[in-house]
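**Q** Using the sequences plus the hints, can you model the full thing?
For the sequence shown, my numbering gives the first residue as 734, with consecutive numbering after it.
Simulated from the structure, these hints should not be mistaken for lab results. You may find that some hints are simply not true.
As the list claims (entries may be wrong) - Cut-off 30 Å, straight-line C-alpha distance, at most; resulting in silico cross-link-like pairs (DSBU-like, lysine-lysine):
no.	residue 1	residue 2
1	809	767
2	1188	767
3	1188	1013
4	1168	1188
5	767	879
6	1168	1151
7	767	1013
8	1151	1166
9	1170	1151
10	1166	1013
11	1160	1188
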Amino acid sequence: MTSQSSKPKVGIVLSRLSRYDVQNGGILVGPAAKFVTDCVAAAGLAGADIYPVEYHDDDTLQHMDYWIITGDAAVKAVTGQQINNIRGRLIQYRNTPAVCTFSPQDCCDPRNFEGSAEDDGDEGTGKDTAPTAFRNYRGWFAQDVKKLRCNIPNHADPSCRREAARSPLVVMCLLKAIPAGSTIYFDIESNIRTNMLSCWSINCNHVAFGHLVYDYRGQLQPMAVEVLAELAQVFERTTVVIHNSSFDLPFLACFHGIPFGRQIRDTMLQHHRLFPELEKSLAHCISLYTNLPNHKGMSINETHNYDQDSRLLEYNLQDVVALRAVDVGQSQVAASLAGAQASIDQVNRSIYPYLIAGMHGIRVDPGERMMAQLNGAAKAAQLERIARVLVGWDIELASNPQAIRYFHTQMEYDAVDKTATGAPSLKGAALYKLKLKYPHNPMLDVLLRFRETAKATSMLHFLTP
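**A** Set out below in structure tokens:
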């Protein structure tokens, strides 16, 4: 890869040679080379100089404006940390800004051909931290490289005072002092075995404070009920910013009787609107929108003594400090993307009615439901009539084999997706891919409209009391 003098130079430290490198007797060749070139160019950097990890501490290495440390072995050699604990964070390497990220070859492979020690695609479901899916390495690599030129700050409030308040009287005073119309950043920690609320924390008006509810022995703390009652009033008069509201708020309402207010913003949903294909855990969001250190390794699933209770509360406080930073970072990204803020506002408006519907159900008019079902059936019948005219034979749109017979046998279209046996498939997103490739066939529009109608009608076939 050639360098361009008009742009900052970047050096890349590789963990190992890929199978393409071994086969071709080079270093960073094949699909990974093009991928890195594209990412570096998109970040406004010159072509990269490549170095194996064995030379990372060699004093004769050329000076670079930026460095990219790639793969588990290189990251560990340079920083002494595991890649998932520092990926995406800007650091100093050779007195130069650097970022740690995944191996370029792993980013280009559909699965773990190289046998890397990094995560192999187990996504996990944790709201705070979860492994990175192997298929998403490519997206995270591109975002990590962009951070080199963005100079992303920590976004942490430098004047924020943290108080792990154990005195319920102090907590009551802090809660009462939160004025109406404020924005609070809120998070909880719960015991996954007993469904008890271990502790909660709030970050508001330059003060982050938390409170222990049930200790390691499962004992309710003094005045905890009065404190939680005051917390419910805070929810009612403020905007609550939270990560994964669909868990925390129903958990508080159903298990502890703490109602939530109408003004809710969810950083996990906001992130999904900005980057739909990337992981949504708080740890991933911290690595993307801030340059804060990863504190998620401090998490404790179940405490067993007083010191662990204190550590869990301190961890919870760090969550709400980071949560505010993530929210600020998301606002900046949304401001740079057309329509992003409107999309974020729309999803946040839907949180309260969605949660209420999930907890209480939806009132249904049986007559309206029946009319909608009849209209759906009539529309589907008309679409099938149109399809028969277009294809010239009695096709059933609900039959995937018959659709394949028309598009891939009769029309001889190339297959855009295949089953495990190698046969053409039109399930899921395959039909949309086919429409992108053959946009002028009206049968594609008819089949898409039929599937939308069939799905909407089938959702009305539920039992009512």
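**Q** Each hint needs a verdict: does it hold in this structure or not?
**A** Hint by hint, here is what the structure shows:
1. As the CA atoms of residue 809 and residue 767 are separated by approximately 25 Å, the hinted pair is consistent with the 30 Å bound.
2. A C-alpha spacing of about 41 Å is found between residue 1188 and residue 767, which places the hinted pair above 30 Å, so the restraint is violated.
3. About 27 Å separates the Cα atoms of residue 1188 and residue 1013, which keeps this hinted pair within 30 Å; it holds.
4. Restraint check for residue 1168 and residue 1188: satisfied, since their Cα atoms lie roughly 19 Å apart, inside the 30 Å limit.
5. With a C-alpha separation of about 16 Å, the suggested pairing of residue 767 with residue 879 holds against the 30 Å cut-off.
6. The suggested pairing of residue 1168 with residue 1151 holds, with an alpha-carbon distance near 16 Å, which does not exceed 30 Å.
7. Taking the CA atoms of residue 767 and residue 1013, the gap is near 28 Å; set against the 30 Å cutoff, the hint holds.
8. Taken as a hint, the residue 1151 and residue 1166 pair is honoured in the structure, with Cα atoms around 12 Å apart against an allowance of 30 Å.
9. A threshold of 30 Å between alpha carbons decides the hint, and for residue 1170 with residue 1151 the separation of about 16 Å falls inside it, so the pair holds.
10. Only pairs whose Cα atoms come within 30 Å are accepted, and residue 1166 paired with residue 1013 is accepted, the gap being roughly 26 Å.
11. Using a Cα cut-off of 30 Å, the hinted pair residue 1160 and residue 1188 holds, with the two alpha carbons roughly 14 Å apart.
The structure fails to meet hint 2 from the earlier list, while all remaining hints are met.
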